[in-house]
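Hey, can you work out the whole structure from these sequences and the hints?
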Amino acid sequence: MSTNQHDLIVVGGGAIGLAAAVAAARRGLTVLVLEQFAMLHDRGSSGGAERQWRLQYSQEDLARLTVAAVPMWTELEQAGGRRLIHRTGSLWFGDTTTATNEGQVQAAVEVLDKVGLPYEWLSAKQIEQRYRFAGLPSSYEGFVQPDGGMVDVRATLWVLYEQAQALGVEFRDRTRVHELVPDDGGVTVHTGHGSHRADHAVVTAGAFTGPLLEPLGVRFDVELYEMTTAYFRALDPGFDYPTWFAFQQPTEEDTNLFYGFGRLPWAADDLVRVAPDFEVGEFHDAYEAGYTANPVHLKRTAEYVAAHLPALDPTPVRPGSCLIALPKDPGRQLYFGRPPGAERVVVHGAGWGFKYVPLLGRACVDLVLDGRTEYDLSRFAF
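Mapping of the sequence shown onto our numbering: residues 53 to 434, in sequence order.
Incorrect hints may appear among the rest.
As the list claims (entries may be wrong) - In the DSBU-like style, the derived pairs of lysine-lysine whose C-alpha atoms are separated by at most 30 Å in a straight line are:
| id | residue 1 | residue 2 |
| --- | --- | --- |
| 1 | K177 | K351 |
| 2 | K166 | K177 |
| 3 | K351 | K380 |
| 4 | K380 | K166 |
What the hints assert, rightly or not - Have a look at the derived ranges for each label pair, beta carbon to beta carbon:
| id | residue 1 | residue 2 | range |
| --- | --- | --- | --- |
| 5 | S190 | D225 | 50 to 60 Å |
| 6 | G342 | T367 | 18 to 28 Å |
| 7 | Q181 | R271 | 48 to 58 Å |
| 8 | E426 | Q111 | 17 to 27 Å |
| 9 | T243 | A319 | 28 to 38 Å |
| 10 | D337 | D94 | 13 to 23 Å |
| 11 | D225 | V167 | 37 to 47 Å |
No wet-lab data here; the hints were simulated from the structure.
No residue lacks a Cβ here, since even glycine has one placed at the ideal position from N, Cα and C.
Pasting the structure below:
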């Protein structure tokens with residue numbers, strides 16, 4: 053019989069870490085969550101107010117994975133008594149053959165056809181007329197997928213946190229983990245406030261994961277960026293945008309990709325988020341993030357709004373930045389698995405994964421306890 057303090061330690065108390073804690077507690081495990089900042093903080097992968105919710109992917113397995121996550125989100129909404137996914141539609145348009153870290157329009161349509169998900173194909177003129185874009189090149193085309201929309205990030209965190217507390221999960225925030233030492237009997241987790249011992253560990257530390265894996269001889273092969281973001285005031289109370297992503301050819305300076313949202317259905321203001329998806333300015337230490345907007349990127353975004361989004365005031369409001377870790381291999385999208393030689397540890401990190409929160413949380417626990425999951429995530433392994 054184990055004499056360890058806990059059955060499971062979760063390193064990182066963001067959305068997927070909380071989902072893992074809930075999944076483990078539901079299986080009857082004693083769980084400790086270690087978070088280096090304050091709980092529900094805004095400095096990592098779960099920062100900000102909203103995330104795009106979409107079913108379309110250029111990769112069929114990711115589209116099917118998103119579909120598999122839908123009933124888990126519904127269960128989470130029912131348990132929390134509040135809506136978390138707001139289905140306002142998801143619009144993809146632009147150069148349909150341009151490949152980006154978000155995917156490709158034409159490839160995504162082919163996957164939608166394979167999976168049997170609905171969409172409507174639109175010309176540039178139709179996009180301008182229906183969604184109040186302006187000045188789009190006539191060659192641009194795209195589609196709207198009606199089941200897309202946005203996720204309420206803060207509500208998701210609160211629902212998971214409340215569930216975890218109700219299930220008896222223990223929390224230690226402002227506790228930075230310095231090292232994980234797995235052995236045949238469990239995992240010792242060393243922090244700045246002492247050490248903890250558990251049978252297993254799940255690491256969901258986002259951009260801060262790399263230094264935790266280095267002592268295990270595992271390279272977390274990612275690129276770190278601070279991506280600028282801002283809000284713009286909507287001018288017409290009777291009109292709203294779907295979530296959208298514009299696929300464009302890169303410039304010499306940046307990737308020339310932009311995305312946006314409509315008004316937040318849960319907020320009582322007229323602010324709409326528009327942001328660039330520029331993979332420039334890579335840095336190597338997540339603790340060096342300044343969480344401020346890049347002035348050049350902010351100017352580029354305001355210019356895009358002024359040129360193409362006439363229903364918005366092009367003056368940026370509440371500019372800032374978000375910290376993101378992206379795999380250097382653009383084909384893998386995320387990391388998920390047990391590091392070689394550390395069978396009692398499961399790691400998830402990198403990529404755009406908020407839409408998978410309840411699924412990946414459960415999968416982390418299933419893999420670390422049972423050695424398998426019901427989802428094929430093998431291509432994301434270390």
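Each hint tested on the structure:
This hinted pair checks out: K177 and K351 have alpha carbons roughly 26 Å apart, not beyond 30 Å. Straight-line distance between C-alpha atoms of K166 and K177 comes to about 27 Å, which keeps the hinted pair within the 30 Å bound. For the proposed pair K351 and K380, the alpha carbon gap of about 27 Å is at most 30 Å, so the pair holds. For the hint pairing K380 with K166, the CA-to-CA distance comes to about 28 Å; that is within 30 Å, so the pair holds.
Between S190 and D225, the C-beta spacing of about 53 Å keeps the proposed range 50 to 60 Å intact. At about 23 Å, the CB distance of G342 to T367 agrees with the hint of 18 to 28 Å. Range check, Q181 to R271: Cβ separation about 49 Å, and the 48 to 58 Å hint holds. Separation of E426 from Q111 is about 19 Å and conforms to the stated range, judged on CB atoms against 17 to 27 Å.
As the Cβ distance of T243 to A319 is approximately 36 Å, the hint placing it in 28 to 38 Å holds. With their beta carbons about 19 Å apart, D337 and D94 fall inside the hinted range of 13 to 23 Å. Checked against the given bound of 37 to 47 Å, the beta carbons of D225 and V167, roughly 40 Å apart, stay inside it.
Hint compliance for this structure: no hint is broken.
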